[in-house]
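Go by the hints and put chain F onto chain S.
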Amino acid sequence: MLMITVADLIQDERLPGNYFAPDAYIKGDFESGLIENRRGDRLLALPETLIQGIYAGLEKELGPSSGVVLFNCGRWWGKNFYARFVEEVSDYYGKNVAAMEMVEFLQCLKQCWKTHGWGTFDLDVSHYQQGFLVVKIWNSAFAAFAPPGNRPACFLEAGILSAFFSQLTGRELHCLQTSCESLGADCNHFILGLPHRLKPAEVWLEEQHETILERLCMSTAEGS
Amino acid sequence: MQPEIKTLLYEAEDHYLKPEEIESFKYHASSLAQRLETYELLRDAELALFQPVADQLLEAFPQKQQEMELALKHWLSVLRYCAMAMLMNNPEFLQRRLLEWLVDLVQVHQMQVIEINLYQLLQAQLQEQLSDQNLALVQPFLAQAEDTLLGRTNLVQLPG
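Residue numbers (my numbering), protein chains in the order written: chain S, 1 to 224; chain F, 1001 to 1160.
One chain only, chain S, in its complex shape (with noise of 0.2 Å):
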């Protein structure tokens, strides 16, 4: 005979909700000064005056060369933001993220970017049998105080997202930024896929993300 009994279902007592809901993320200290994550962790607040200062100081000292350091910049530290990422949602969740639904894992991810005051996040899987994933971003403070220009400018964020899903998929991802807040697009648009797939639209960033996505599928769908 069927049955479920709902005490086996809730043996363990826990039933995790949102670990990454801001008001038990994170903490603060008036009399310190300091903010924590739940875990103790610090974080680092950056004031607006502060990111205008780091696009102006690397514009100054390396010229065009800036958005690459930035990239770095944000491969380096998304790194270890994967690390700390998974350590503390396998800790919360009470198992591996390999066992997660992507579902799950992902709206983890979705509520940590928020919380941490990067923008809304959102990942479009619909190119992946093709070879691409499309993360899309709004708000995100480093369009809105990037210095004007004619190219995206979220560099950290693309360095920050390829290092992610580089760890994540277990294959060496690029990512390209094909949208941006900064010139007045709606959202910021992301494309990852493997180097040598995206290099050819490195040269096509005037263009809409919309034909950029198209013409690196069709690409795919020739070379195939």
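Incorrect hints may have been included.
[Claimed, not checked] Cross-link-like lysine-lysine pairs, in silico, DSS-like; alpha carbons within 30 Å at most: (1) S:K95 with F:K1026; (2) F:K1073 with S:K110; (3) S:K27 with S:K79.
Hints are computed from structural coordinates only; laboratory data are not their basis.
Coordinates of chain F only, in the frame set by chain S:
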């Protein structure tokens, strides 16, 4: 803490509470006692509420045991978070700590039929096992959960 009591404490920083503020404080303090009572009832009745729901659900969907277990876990946590949100009289707690995170998980599994049935059975059990007064306290939070988790059913893509 209940937001209303917190507000009264903030406002009283430079004066004694006025008579109408005292009245309001008394009202919220007594409401807190009722909320605590309801919280304890819900906590102690967790199995008694959900086991009949599980049994009836299994009769309705005998082939879907795995999905049902998942749906039951969703609503067990919904009721736990509703109970805490009710105790604090704070809908934002429920939204941020659970619903905002759970909504994608519920919708991606496309188990709306099971979830909707489960919610109706749970409502019936609550009506049977709680007094009207206790039920009235938790009901707005359940409605909030229903609205967030099941209310957008029409927008979910139908399986191709």
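When the structure is checked against the list of hints, which entries are broken? Sort them ascending.
Hint 1 is the one this structure does not satisfy, whereas the remaining hints hold.
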